[in-house]
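2 protein chains.
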Amino acid sequence: MESMKNRRTVRKYLSKDISSELLNDLLEISFRASTTGNMQLYSVVVTRDPEMKERLAPAHYHQPAIKTAPVVLTFCADFGRFTKWCEQRKAVPGYNNFQSFMNAFMDAIIVAQTFCTVAEEAGLGICYLGTTTYNPQMIIETLKLPKLVFPATTITVGYPDGMPEQVDRLHPDAIIHNEYYNDYTSADIDRIYAYKESLAENRRFITENAKETLAQVFTDIRYTKKDNRAISENFMKVLQQQDFL
Amino acid sequence: MESMKNRRTVRKYLSKDISSELLNDLLEISFRASTTGNMQLYSVVVTRDPEMKERLAPAHYHQPAIKTAPVVLTFCADFGRFTKWCEQRKAVPGYNNFQSFMNAFMDAIIVAQTFCTVAEEAGLGICYLGTTTYNPQMIIETLKLPKLVFPATTITVGYPDGMPEQVDRLHPDAIIHNEYYNDYTSADIDRIYAYKESLAENRRFITENAKETLAQVFTDIRYTKKDNRAISENFMKVLQQQDFL
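Going down the list, the protein sequences come from chains A and B.
Per the working numbering, residue 1 is the first one in the first sequence, and the count goes up by one each step.
Per the working numbering, residue 1 is the first one in the second sequence, and the count goes up by one each step.
If you're looking for bench data, these hints aren't it; they were derived computationally from the structure.
Ideal Cβ placement from N, Cα and C applies to all residues, glycine included.
Relax, there's no trap hidden among the hints.
Straight-line Cα separation of at most 27 Å, DSS-like style, residue types lysine-lysine; simulated pairs:
(1) 226/A <-> 147/B
(2) 226/B <-> 237/A
(3) 211/A <-> 225/A
From chain B, some residues computed to sit far from chain A (all C-beta separations above 12 Å):
(4) 15
(5) 57
(6) 137
(7) 161
Build the full structure now, drawing on both the sequences and the hints.
Below you can see the structure in the form of structure tokens.
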């Protein structure tokens, strides 16, 4: 638990490979995590081949980790395997809908996060690529994902090349609510975000981007309304294409 | 890691309480997990009050764990807090859309699963309630969740009253794909599900429900097309109500 308190995301890796034996062990342990109705609505695609990493890179906006990590894992929401089983067993599956997608997405994230925890326990470093749902169709094509399979998240993994500083988090009291959701007053918001706003690296962020506040760095540059709307529209389109809507 | 290999979902708890200190420690560790752009798009509502459990019970179809667990945790996708911060900092937030909901949902599940892992390490037992998204509006009302907050999952937690048998899982080879998604042939499906189908408890399941195959127990009783469609429709409606669509 001590190690989990000190965890950091690792984006730079040694060239040292991860043995198949270790990787499979870690994945097998993570498949022990909770899953909807014990249906295990996920698949994991392991990318080691440099050519395949090259092909995945554009979908992830060429983040360096995708090419420098020895292993890239795409965790997929997968209702395809279960549906095939139903069809082969005189059962009429009804999993081509949003609720089923969300079940499978949740199952995939639970397994991905369990993998991260056990990988870190084993001395590996991990990084989530939030870009997975930005251009899912590129990943679907590259990894040949069939209907009712959707890339939920991608994790790069390897032996850490150095350990970055631990980043800030909000005070737990800002996140934990007792009995009811205690909505935030403007004084609460000021207090909750004061520490984050005080950090030198965050103040540098503002200057570098010629903004007035840290929040503007998020809304105007990192996670813009325009991008979010375009990604949302595409997300729905690809969900439909994969038969989930 | 050995303990994670042997983990089981625990639905029966001793009456022993969980101290606030331990609970807050475990939550604080789980807030160290990866989060989208370090935005921490989640909130956790802690339910201890028996009256509140009583009020949450119908949303979870009166599963006994909700009333017998000393602590019930509702992990919420939360873009509300971050949006308020933006609004107070001359920044125009653009997080009332599907992509932002999915970011927040993923953040909430990552934290929930990290909590489960550390709670189990600390000798507690947990159970996910998959019912959370079935009647989200009931939970929203009971816990007073504001706009841009949505209940992602619920976990019951307590000291285990006995340890159930470990349930089956598919062979890891059925889930891991190398380089490409290797779609399943009907021979693969037969092989993958043979063990599950051979288990006495699953065969009993078929008889008890007067079905022909185990798959039919899932499609006709546990996760039916009709239910999935109704839940999907309601899910979208409540996402809209919470300003995410």
